[in-house]
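A.B. asks: Here is what each chain is made of, one letter per residue.
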Amino acid sequence: MAVATEYKTNLKPVWCPGCGDFGVLAAFTQAFSALGLRKENIVIVTGIGCSSRIAGYLNVYGFNSIHGRTLPIATGVKIANPHLTVIAAGGDGDAYSIGIGHIPHAARRNIDITYLVMDNEIYGLTKGQQSPTSPLGIYSSSTPLGTYERPLNTLEMLLSFNATFVAQAFSGDTKHLVELIIKAIKHKGFSFINCISPCPTYRGGMQIFKDIRAKLRYLDEEERDVSEKELAYRIARTKDYIPIGVIYQEEVDEYERVLEALREKSGAKKEIGLEEVLSTFIA
Amino acid sequence: MAVATEYKTNLKPVWCPGCGDFGVLAAFTQAFSALGLRKENIVIVTGIGCSSRIAGYLNVYGFNSIHGRTLPIATGVKIANPHLTVIAAGGDGDAYSIGIGHIPHAARRNIDITYLVMDNEIYGLTKGQQSPTSPLGIYSSSTPLGTYERPLNTLEMLLSFNATFVAQAFSGDTKHLVELIIKAIKHKGFSFINCISPCPTYRGGMQIFKDIRAKLRYLDEEERDVSEKELAYRIARTKDYIPIGVIYQEEVDEYERVLEALREKSGAKKEIGLEEVLSTFIA
Amino acid sequence: MRRDIVLAIVGSGGDGVISAGEILARAAAHEGLNVFLTKSYGPQIRGGESSCRIRLSHDEILSPGDCLDVLFVFQWQDFHRFVEEYTLAEDCAIFVDEYDNTPESEIPIPKHLIPRIHKIPFEKIAEEKAGTKLAKNMALIGSVIELINWPEKAVNNAVEEKFKRKGEEVLRANLTAIETARLYVREHFSGKVDTTLQYEKGEAKLFMTGNEALCFGALLAGCRFYAGYPITPASEILEWFSTYMPKFGGTVMQAEDEIAAVGMAIGASYAGVKAMCGTSGPGMSLKTEMIGLASMAEIPLVVVDVQRTGPSTGIPTRTEQADLQIAVYGGHGDAPRAVLAPVDVEDCFFTAIDAFNIAEKFQLPVIILSDQFISQRKEAFPSFNGLEIEKIYRDLANDNPEERYQRYALVPNGISPTAIPGMPNHQYTAVGIEHDPIGNPSSTTQMHIKMSEKRAKKLLQISEEHPLLRTYGPEDADIALMGWGSTKGILKEIVKELCSNKLKVKCIIPRLLHPLPVSAISKALTGVSAVIFVEQSYSHQFYRYIRAHLDLPENVYQYSRAGGIPLTVGEVISFIKSALSLKELQEGKKIVTIASEISFKE
Amino acid sequence: MRRDIVLAIVGSGGDGVISAGEILARAAAHEGLNVFLTKSYGPQIRGGESSCRIRLSHDEILSPGDCLDVLFVFQWQDFHRFVEEYTLAEDCAIFVDEYDNTPESEIPIPKHLIPRIHKIPFEKIAEEKAGTKLAKNMALIGSVIELINWPEKAVNNAVEEKFKRKGEEVLRANLTAIETARLYVREHFSGKVDTTLQYEKGEAKLFMTGNEALCFGALLAGCRFYAGYPITPASEILEWFSTYMPKFGGTVMQAEDEIAAVGMAIGASYAGVKAMCGTSGPGMSLKTEMIGLASMAEIPLVVVDVQRTGPSTGIPTRTEQADLQIAVYGGHGDAPRAVLAPVDVEDCFFTAIDAFNIAEKFQLPVIILSDQFISQRKEAFPSFNGLEIEKIYRDLANDNPEERYQRYALVPNGISPTAIPGMPNHQYTAVGIEHDPIGNPSSTTQMHIKMSEKRAKKLLQISEEHPLLRTYGPEDADIALMGWGSTKGILKEIVKELCSNKLKVKCIIPRLLHPLPVSAISKALTGVSAVIFVEQSYSHQFYRYIRAHLDLPENVYQYSRAGGIPLTVGEVISFIKSALSLKELQEGKKIVTIASEISFKE
Ligand SMILES: Cc1ncc(C[n+]2csc(CCOP(=O)(O)OP(=O)(O)O)c2C)c(N)n1
Ligand SMILES: Cc1ncc(C[n+]2csc(CCOP(=O)(O)OP(=O)(O)O)c2C)c(N)n1
Ligand code: SF4
Ligand code: SF4
Ligand SMILES: [Mg+2]
Ligand SMILES: [Mg+2]
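Residue numbers (this note's numbering), protein chains in the order written: chain A, 46 to 328; chain B, 46 to 328; chain C, 3 to 604; chain D, 3 to 604.
Hints listed in this document are in silico derivations from the structure and should not be mistaken for laboratory results.
Note that the structure is a prediction, hence the values are computed from the model and not measured.
The reader is advised that the hints may include incorrect statements.
[To be verified] Taking CB as the label site, the calculated pair distances span:
id, chain 1, residue 1, chain 2, residue 2, range
1, C, Asp-397, D, Asp-553, 55 to 65 angstroms
2, A, Gly-312, B, Met-251, 56 to 66 angstroms
3, C, Lys-168, A, Glu-320, 22 to 32 angstroms
4, B, Met-251, C, Glu-130, 52 to 62 angstroms
5, A, Gly-81, B, Gln-252, 51 to 61 angstroms
6, C, Glu-108, B, Gly-63, 24 to 34 angstroms
7, C, Lys-168, B, Gly-63, 16 to 26 angstroms
8, C, Lys-168, A, Leu-276, 38 to 48 angstroms
[Claimed, not checked] Selected chain A positions facing chain B (Cβ under 8 angstroms, derived; list incomplete):
id, residue
9, Val-59
10, Pro-62
11, Pro-149
12, Arg-154
13, Leu-204
Backbone N, C-alpha and C define an ideal beta-carbon position, used for all residues, glycine too.
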């Protein structure tokens with residue numbers, strides 16, 4: 046079983062000192078190690094953004110693709126080879142702006158991939174423009190007079206998409222993030238983690254870690270029924286604190302299993318000759 | 046004030062006999078008439094699909110655009126001329142499949158347009174493939190063994206996007222639909238109507254009208270607080286009946302008003318000379 | 003007696019026109035005849051006008067035929083919609099339902115052909131013999147059998163096949179309607195109209211659409227993942243795979259949009275499964291960014307674009323050849339890809355196989371440019387019994403690399419062995435960012451130049467190893483017609499026609515459009531003094547594209563007609579005639595002297 | 003004494019390299035000098051290597067200059083990243099911070115230049131005089147003033163401007179650091195290095211980036227709606243408009259993606275407001291479907307593509323000219339559009355105006371192909387005082403149509419008067435579907451041909467009415483260099499260079515790339531016996547494009563280098579030299595005899 050550091054490449058991250066994404070990188074390696082996953086059996090698909098660079102820093106199969114399209118690509122990967130552990134990851138811009146149209150569909154298919162969004166409420170790589178999760182009133186490179194579009198509540202949104210695993214994490218607490226990633230990977234079906242991963246450079250400086258930490262509330266998943274949707278909505282919608290942990294989880298057949306059933310129903314046989322196929326089309 | 050028929054062009058709809066969209070067409074003309082809107086001050090932006098053909102049948106300004114992009118175009122129209130009444134309309138494929146990525150953003154901006162989706166749970170124009178609202182297990186041109194992806198709950202989804210007006214209608218009840226369209230147009234901000242508008246050709250035959258009618262429950266908007274979000278979620282999520290009426294409504298400044306405030310804040314002046322602008326860039 | 007006949011059947015919604023056409027065409031294919039079936043509809047989603055056109059011949063069929071020899075109409079009002087595409091031959095025979103009482107002045111055909119109209123009581127026979135006017139298409143089938151000498155046995159078998167599930171009674175009623183009409187026609191028209199086809203029966207043929215042939219080819223080539231989003235005229239690919247792919251252990255995805263579809267296919271291919279996605283123009287526009295990614299990340303991918311009339315939504319149900327530019331040039335930056343175009347239904351099968359082989363061998367995206375005309379028509383062609391298919395799979399890296407595995411190694415031919423997830427010790431990151439051999443981001447100009455060269459090298463090899471050029475006609479031709487894709491049929495027909503008029507004409511049809519097989523085409527052009535480009539794009543996309551890559555002979559003509567109905571032999575021949583004689587007036591060159599000798603059949 | 007000097011400053015994150023460069027460049031522009039400023043960074047998001055390069059001259063500046071005359075470095079380790087782009091002149095002077103103690107063997111410059119390194123205690127001066135090493139860039143500024151004769155007063159003013167908000171004390175400390183360094187340099191280097199620039203002061207110039215100039219132009223042309231999605235190197239357009247657009251009563255939208263951005267712009271334009279959207283390559287790929295819609299629905303639209311190195315994500319911070327094909331050919335079907343390319347910073351301003359005028363006059367999408375090199379560099383140019391701008395607005399329909407208003411009327415020039423929502427009696431439906439003059443869907447071939455012709459007619463008129471061709475050099479040149487966009491600078495510089503070597507060379511730069519002004523270019527090519535294409539695209543996109551439309555002289559050469567750092571004068575001149583002498587060896591033609599007389603400065 047590989048130790049955590051073996052899941053890292055020797056490429057130096059381009060991230061700024063203090064970037065929250067370092068915590069995510071560390072957490073992935075620890076989670077992979079704890080799960081005893083073989084490096085060659087993990088695939089991480091990312092988009093474009095500071096956060097999406099993470100693919101190159103993990104010594105697993107990676108696909109640092111294009112902006113906003115992690116989910117379709119990850120879906121293709123998982124279906125092609127269901128034995129792989131497939132992670133999709135990217136930033137809040139990647140996920141919730143250009144890429145948002147793919148989320149409900151991945152969720153409703155319940156494809157067995159883990160989607161971790163590094164949410165820093167800003168566009169880091171392009172130098173600090175607002176994102177769909179930027180709070181109202183903040184100054185960004187593209188909102189010199191302050192943001193004025195109401196941010197998305199992404200947890201609420203994922204609940205409404207009928208995602209079967211919805212969680213929130215904070216990259217400042219690597220240990221807890223590791224636990225969540227492990228749960229998410231173990232979950233059969235689509236698992237979603239909104240990981241608050243601050244950008245000290247363009248969104249609040251190092252102070253923001255403290256501000257967030259002060260507002261965190263860790264959810265106790267044992268204490269409540271995580272499959273209670275109304276409760277999950279209430280937690281997701283709260284303005285009193287930042288919920289951290291599993292917001293919602295339910296069991297639904299994952300997509301690969303559904304597809305397998307379909308193949309069976311259709312009378313699948315792996316080897317079939319040309320004649321056999323064509324014969325039905327002979328007039 | 047124009048009578049309802051004046052809002053119709055003389056172009057014969059390509060729709061099949063019995064298509065639910067006839068009811069929507071009628072409802073629009075009646076709502077426009079009831080509101081006393083001038084034909085030239087209404088713009089309807091549609092995508093591509095049987096339902097999207099509606100633009101050509103209404104004697105107002107229309108834009109029968111491309112598949113899935115009604116909302117961005119309608120947003121541009123409304124911002125360019127806030128005096129116009131702007132409607133966006135299309136099918137469930139147009140809205141919830143290819144176009145779904147634009148909905149949360151139109152909703153969170155609270156742009157003052159009315160978005161009416163003619164939901165027939167199928168792709169009509171392309172001859173009957175499944176859509177993201179097709180129920181599980183139905184046979185469609187693209188699911189010869191029955192659908193196996195869980196459908197979206199679009200009302201729940203719109204609530205999670207913080208849309209300020211969320212309603213459901215049935216094109217089989219034109220009168221009620223007219224009332225809802227009037228409310229939606231009057232609503233300041235983004236108003237959404239999921240209009241169940243059956244496709245007898247590819248989804249259930251004429252029988253489906255009866256099946257739906259049997260399950261309808263009309264909501265009484267006076268009787269409850271329509272701005273109660275939890276209640277709204279409960280109604281949206283119910284499996285016991287098909288809720289018809291306003292599910293949720295709240296007051297939030299509409300986007301145009303927010304933009305006007307921004308212009309003011311920035312010291313807007315309509316006429317400004319070349320020199321004035323450039324002077325700041327003289328070294 | 004004829005060796006070749008073109009007929010059309012026109013009706014509306016409930017008339018059963020399409021199913022009659024299908025039964026007839028399939029029966030003919032069963033008897034080993036050549037058949038060419040196209041369908042056409044009015045704008046109504048359901049219940050509007052519908053029609054089909056069948057060409058039947060003992061010999062090779064290259065086009066739907068410019069003119070109708072025989073026309074069947076249930077009501078004249080349905081014919082309006084089709085006047086553009088259904089031109090009547092001067093010696094045609096027209097059969098209309100007795101019930102139709104359109105005044106002569108309103109019949110939408112040239113006045114002088116009115117006398118060629120005959121009446122048959124299709125509906126009446128149906129009502130009387132089958133008890134329902136729904137069976138009037140059966141009466142029509144009976145008439146066709148008798149009038150044209152259509153293979154009766156095979157037709158009856160096909161009808162049995164169709165109705166056996168509905169019970170003995172229904173079947174018998176239908177067969178009676180057929181027989182009654184047959185006898186009616188024999189009684190009334192025997193010897194009065196010359197519509198009999200002469201042929202010898204042969205072995206049963208395959209009979210399918212271009213879309214179906216393409217699916218077969220893909221499946222045979224090893225494709226096990228298809229992602230699509232419904233769009234006319236490519237939806238049938240999605241639908242066909244929905245039925246067949248699961249049977250073969252594969253997967254078909256109806257994606258949320260075209261971007262997702264191509265993304266899924268790229269993901270599946272990255273993970274080692276041969277993958278394809280398909281669409282038409284609007285979807286092609288949406289896929290360009292992803293195609294660039296596949297090119298940069300060097301991932302095998304097959305994309306089918308079944309062209310329809312553009313731009314924008316255009317005319318979804320009609321054909322055009324105006325996606326050539328987006329296929330070749332679509333996408334920002336220099337993103338090498340290959341573009342193939344099938345030339346007929348059967349060739350859709352082979353093109354799909356070529357496409358997968360090229361994609362896998364060279365690790366790049368391959369675009370198949372089909373079109374509505376090829377994809378939705380049905381053709382009969384001989385079965386592929388005993389056919390051996392070469393199936394190429396991407397070159398995989400060595401199992402035990404000594405150093406860090408270099409996914410994008412700068413190997414001499416540019417094709418670095420790849421790895422697929424699951425292979426130990428080969429973890430790498432596929433990237434759309436410019437990168438070094440390992441795949442790490444690199445922003446130096448030197449590396450970008452080297453990697454651009456690596457990717458571009460594939461193109462040279464493709465055009466040398468897979469030129470896929472087709473030429474028809476004499477090698478020492480004076481005149482060459484150049485075209486591509488679905489225009490092959492009429493070009494070959496024109497070559498035959500002109501050659502039989504003592505002209506030396508060939509046609510040159512590249513099936514590999516990009517990279518263009520420049521040397522193969524240049525060779526084919528040796529000795530040619532005039533080139534005539536024939537294509538269905540208003541802006542001459544093909545002509546411009548060829549010009550950009552090839553030095554052409556001095557005399558160049560272009561016939562570029564916008565899409566809609568397919569090009570006809572007649573319109574192109576009359577262009578050629580006027581182009582060449584114009585030339586004669588202006589310059590009096592050699593080729594022209596020949597041209598003046600042509601006696602065109604017009 | 004020099005008339006022209008190129009310097010670079012290299013440091014990392016906290017060194018203040020960029021702000022020093024900005025202060026110096028702006029001060030020079032204030033004194034009426036010509037300035038050309040580019041910046042370059044390492045891969046780290048923050049705190050990595052950064053640098054800027056300034057060319058300063060009394061005369062016209064056409065390029066950043068191939069070689070550095072003066073180099074300032076805080077630590078040698080930062081220089082590695084820039085070796086590719088910062089080539090040192092043989093007679094250069096290099097100034098390094100005294101604190102740097104890189105062993106000679108590790109200094110990343112040619113060994114023979116090591117003796118040209120001088121030390122200046124930048125950091126020490128900063129610490130001692132300003133109390134913080136953060137002020138070392140001020141010490142650098144002081145050194146530059148003294149060494150190069152940089153306009154001292156203007157620099158000090160700029161520094162005051164920058165620090166006045168931080169209080170008197172900070173300001174004084176910084177000014178003292180400047181002054182101390184100045185004196186240090188005077189004491190130690192006076193008469194020892196030849197780095198002094200000679201110039202006369204002039205009127206204050208405008209000083210801005212290409213992106214800024216483009217925004218100004220758009221605003222002046224009447225643009226009141228901009229929609230963008232962040233992307234390097236186009237984000238500055240979004241950001242600039244975020245500040246300025248609301249001031250002018252307009253709107254700027256940060257859309258959810260590039261498809262939404264162009265959709266919003268189309269919607270705004272449909273509703274009567276001049277609208278623009280901007281992006282770079284990846285976004286351009288996504289916009290193709292919408293651009294086709296604007297073409298089909300005949301809606302004026304301006305799309306800016308600030309090109310970067312592709313394909314796919316490529317190198318976001320570097321330049322390239324490989325989006326020409328997608329601009330001209332991107333999109334399915336035949337979808338007419340115009341493509342313009344600015345040739346320098348000032349021209350970004352005029353190109354934006356031309357783009358809006360063409361879009362409005364001809365009711366179609368116009369694409370502006372800028373690039374990273376033009377868009378992010380800063381140039382100084384004379385103020386536009388008194389400039390009169392022609393502003394065109396689309397032709398509006400008559401107020402009282404007698405019949406049903408025909409939005410897509412088949413008028414002779416193809417440009418049918420449009421209506422905008424709010425205009426009574428002109429309700430119409432804009433459509434992406436093929437349509438009749440009213441806008442009702444039509445699927446006949448006849449109508450499609452007519453409408454294709456209508457839309458295509460605009461192109462002929464655009465290239466005739468707005469050829470926008472630039473040529474430099476003698477009219478009767480033997481050799482023509484052809485290029486476009488940001489290569490204009492070096493091409494003009496090369497023309498000057500070669501002409502001063504007795505060659506007759508011109509360069510031809512189309513600012514209107516599509517529709518290509520074929521007759522204007524042909525005219526410019528009259529008498530030319532050799533054409534040399536110079537472009538920054540590995541696959542020769544420009545050369546191929548021109549070939550597709552134009553007959554070229556017999557002798558054609560291409561210098562097509564992939565993107566990254568901009569083309570240099572030196573690399574192109576040495577290509578020209580070898581190309582022409584190669585020719586001489588092969589054929590001994592006239593142009594070559596001339597070529598052999600050239601004494602190239604290498
Ligand atoms: C199609 C496309 N549009 C835009 C961009 C430019 N771009 C690169 S990263 C990015 C957003 C970065 O924000 P986010 O996804 O939140 O990641 P972060 O950098 O904050 O981690 C954008 C817009 C792109 N590469 N491709
Ligand atoms: C980009 C693009 N993809 C696909 C299509 C093909 N297409 C036309 S309509 C349609 C969906 C129709 O379904 P829906 O939106 O539900 O409308 P309906 O016909 O059911 O009213 C599709 C996929 C298209 N025109 N453009
Ligand atoms: S810009 Fe922000 S998100 Fe990007 S690396 Fe720096 S701190 Fe992290
Ligand atoms: S196919 Fe369905 S949605 Fe389309 S017109 Fe017919 S009934 Fe209506
Ligand atoms: Mg972010
Ligand atoms: Mg639908």
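A.B. asks: Do the numbers back the hint for Pro-62 (chain A), that is, is its least Cβ distance to chain B under 8 angstroms?
C.D. replies: violated, 33 angstroms
A.B. asks: Do the beta carbons of Lys-168 (chain C) and Leu-276 (chain A) sit within 38 to 48 angstroms of each other?
C.D. replies: At 55 angstroms between Cβs, range violated.
A.B. asks: Just to be sure I understand the hint, the distance between the Cβ atoms of Gly-312 (chain A) and Met-251 (chain B) should be within 56 to 66 angstroms; is that true here?
C.D. replies: violated, 34 angstroms
A.B. asks: Does the CB of Leu-204 (chain A) sit less than 8 angstroms away from some CB of chain B?
C.D. replies: holds, 7 angstroms
A.B. asks: Is the hinted range of 55 to 65 angstroms satisfied by the C-beta distance from Asp-397 (chain C) to Asp-553 (chain D)?
C.D. replies: The hinted range 55 to 65 angstroms is violated for Asp-397 (chain C) and Asp-553 (chain D), with Cβ atoms some 43 angstroms apart.
A.B. asks: Tell me if the interface restraint on Pro-149 (chain A) is satisfied: Cβ within less than 8 angstroms of some Cβ in chain B.
C.D. replies: Holds: closest Cβ of chain B sits about 6 angstroms from Pro-149 (chain A), inside 8 angstroms.
A.B. asks: Regarding the hint that Val-59 (chain A) lies at the interface with chain B, is the smallest CB-CB distance below 8 angstroms?
C.D. replies: At 28 angstroms from the nearest chain B Cβ, Val-59 (chain A) fails the 8 angstroms test, so the hint is violated.
A.B. asks: With 16 to 26 angstroms as the target window, see if Lys-168 (chain C) and Gly-63 (chain B) comply at their CB atoms.
C.D. replies: At roughly 25 angstroms between Cβ atoms, Gly-63 (chain B) and Lys-168 (chain C) fall inside 16 to 26 angstroms, so the hint holds.
A.B. asks: Arg-154 (chain A) was flagged as interface toward chain B. Is the shortest Cβ-Cβ separation under 8 angstroms?
C.D. replies: This interface hint holds because 5 angstroms falls under the 8 angstroms limit.
A.B. asks: For the hint 24 to 34 angstroms, verify it against the beta carbon of Glu-108 (chain C) and that of Gly-63 (chain B).
C.D. replies: holds, 30 angstroms
A.B. asks: Regarding Gly-81 (chain A) and Gln-252 (chain B), is the given constraint of 51 to 61 angstroms on their beta-carbon distance met?
C.D. replies: holds, 55 angstroms
A.B. asks: Starting from the range 52 to 62 angstroms, see whether the pair Met-251 (chain B) and Glu-130 (chain C) falls in it by beta-carbon distance.
C.D. replies: violated, 30 angstroms
Of the numbered hints given earlier, the model fails hints 1, 2, 4, 8, 9 and 10; all others are met.
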